[in-house]
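Q: What follows is each chain in one-letter form.
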Amino acid sequence: MIVLSVESSCDETSVSLIRDGKEVLSNVVLSQIDIHKEYGGVVPEIASREHIKGVTMVFEEALRNAKIDKKDIDLVAVTKGPGLIGSLLIGVNAAKAFAYANDIQIVGVHHIAGHIYANALTKDLVFPLICLVVSGGHTELILMKEHYNFIKLGETMDDAVGEAYDKVARTIGLGYPGGPLVDKLAATGKPSYHMPDISMGDTFDFSFSGIKSHVINLVHNINQRNEVLNVPDLCTSFQEAVTEVLVSKSIRAINEFDAKMFMIAGGVAANKGLRKKIAERITNVEVVVPEFKYCTDNAAMIGIAGYYQFQKDQKVDDMKLNGSSRLNLI
Amino acid sequence: MYKEIIIKDILEMKKFAQNIGKYVFPGFLLCLEGDLGAGKTTFTKFLGAEMGITDMINSPTFTILKVYEAKLPLFHMDVYRLSGIGMDYDLEEFIYGDGVCVVEWYQNIIESLPQEKLEIKMEIINETERLLKIEGVGKYEEIIEKINN
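Protein chains in written order, with our numbering: chain C, 1 to 330; chain Y, 1001 to 1149.
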């Protein structure tokens, strides 16, 4: 079965062709990162316009690289959300037009299902499994008992973990996106600053707003007293508290649901402090981390997710398929 | 119409948001300004709960807009990242839509916003207390008059 997939939820226009949910025939990603850099982040309207400019070219290149004929495509899969609404609509409409013109069935896929399934390129999934989804927009702990069955155990009640990193970076003047810089500095400091308890008791939910406010107050007080802030130490203290809560809740979920596999997904999966702590602490089950090139947004992961989504119940969407800025996975 | 209210703690913030929730209507536009940690998203969670939204309302910073379906849908925006841009066509569909639109850091898209809107500036007094500066014209004046926490 050959799936053509489309991803355009943020600032990457991507089209991929996948055989049998496993073999990547092509995965073309057109990134707008240089265009948005000068604004300190993705600008929705500019992103939409860039997607429009690039989408036809990306389709053509993906088809050319895969060396297959349009008539051999069995399914079109497209990210329907969550994401920037204008950006999503470009991908959804391009996918619908392609499906309609070539008389191919279409499915709308959840962006996070894509990030989770990016791991299936590295390892065959073994169930039950626990997946920690961590990105700029998401922090969720997911239980999967079989393919394409997602049970949300917990999620963030306020800021996503990547966002908390960016906001802390902003507070100490590291610039945008500051998350990776905090991670880098954290490797050089000591956890000398006191951080509040963010364990939230027995729930699998997370909260990063309290620790964010704590860091802001701390920096503010230090500045008012004309003291010198030890930036690496602050980064280490913050990162230690955050990764501790992520990993300890993951371990609790693994034990409680007798998981055979643990995976991480999303952009923060690239965080070195988190990877290190996972490697040290989660040793009783197989741990899967996505290949770096599939950590960031790409259509290949949507193609794999779309393949398994279709395998599960053969359900397809019609031409009314729409994009949605916020969408529940389950 | 202009009013200042002091909020002593999170419970008072909840009461304040519930109060506002009583007066929302299709096309209601609420603009929030305040430093990181001032309570913009916290306020919106309470407002959403009052509007009957049961899904988790969390920060929209990353996707800029999150839509919550309810009897009156909630359009929750955080346009912090649009600093220095002034407007966004993609968002105007929601700003002028038939839901309740909450815009955090609204000064960043001021050109996309109409004259008639409810503005709340949240100032941090200390770790729990906030000073709210509430301002509005047109149909929002009546609402401000009624709000007393």
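None of these hints come from the bench; they were simulated from the model. Some hints here could point you the wrong way.
To be clear about the criterion: a stretch of chain Y counts as covered by chain C if any three or more of its residues have a C-beta under 8 Å from a C-beta of chain C, and this derived list gives those stretches [to be verified]: (1) 1014 to 1027; (2) 1111 to 1120.
Straight-line distance between alpha carbons at most 30 Å, and here's what the computed BS3-like set of lysine-lysine pairs gives [to be verified]: (3) Lys152/C - Lys1139/Y; (4) Lys315/C - Lys1146/Y; (5) Lys293/C - Lys145/C; (6) Lys152/C - Lys1071/Y; (7) Lys1022/Y - Lys1146/Y; (8) Lys1121/Y - Lys37/C; (9) Lys1022/Y - Lys1071/Y; (10) Lys1008/Y - Lys1133/Y; (11) Lys272/C - Lys37/C; (12) Lys1121/Y - Lys1015/Y; (13) Lys190/C - Lys22/C; (14) Lys312/C - Lys272/C; (15) Lys67/C - Lys53/C; (16) Lys123/C - Lys320/C; (17) Lys320/C - Lys1071/Y.
Where is the CB? At the ideal position from N, CA and C, for every residue including glycine.
Q: All the hints need checking, so say for each whether the structure fits it.
A: For each hint, the structure was consulted:
{"no.": "1", "hint": "1014 to 1027", "verdict": "violated (count 0)"}
{"no.": "2", "hint": "1111 to 1120", "verdict": "violated (count 0)"}
{"no.": "3", "hint": "Lys152/C - Lys1139/Y", "verdict": "violated, 41 Å"}
{"no.": "4", "hint": "Lys315/C - Lys1146/Y", "verdict": "violated, 51 Å"}
{"no.": "5", "hint": "Lys293/C - Lys145/C", "verdict": "holds, 27 Å"}
{"no.": "6", "hint": "Lys152/C - Lys1071/Y", "verdict": "holds, 25 Å"}
{"no.": "7", "hint": "Lys1022/Y - Lys1146/Y", "verdict": "holds, 11 Å"}
{"no.": "8", "hint": "Lys1121/Y - Lys37/C", "verdict": "holds, 29 Å"}
{"no.": "9", "hint": "Lys1022/Y - Lys1071/Y", "verdict": "holds, 13 Å"}
{"no.": "10", "hint": "Lys1008/Y - Lys1133/Y", "verdict": "holds, 14 Å"}
{"no.": "11", "hint": "Lys272/C - Lys37/C", "verdict": "holds, 23 Å"}
{"no.": "12", "hint": "Lys1121/Y - Lys1015/Y", "verdict": "holds, 17 Å"}
{"no.": "13", "hint": "Lys190/C - Lys22/C", "verdict": "violated, 43 Å"}
{"no.": "14", "hint": "Lys312/C - Lys272/C", "verdict": "violated, 35 Å"}
{"no.": "15", "hint": "Lys67/C - Lys53/C", "verdict": "holds, 24 Å"}
{"no.": "16", "hint": "Lys123/C - Lys320/C", "verdict": "violated, 35 Å"}
{"no.": "17", "hint": "Lys320/C - Lys1071/Y", "verdict": "holds, 22 Å"}
Checked against the numbered hints above, the structure breaks hints 1, 2, 3, 4, 13, 14, 16 and satisfies the rest.
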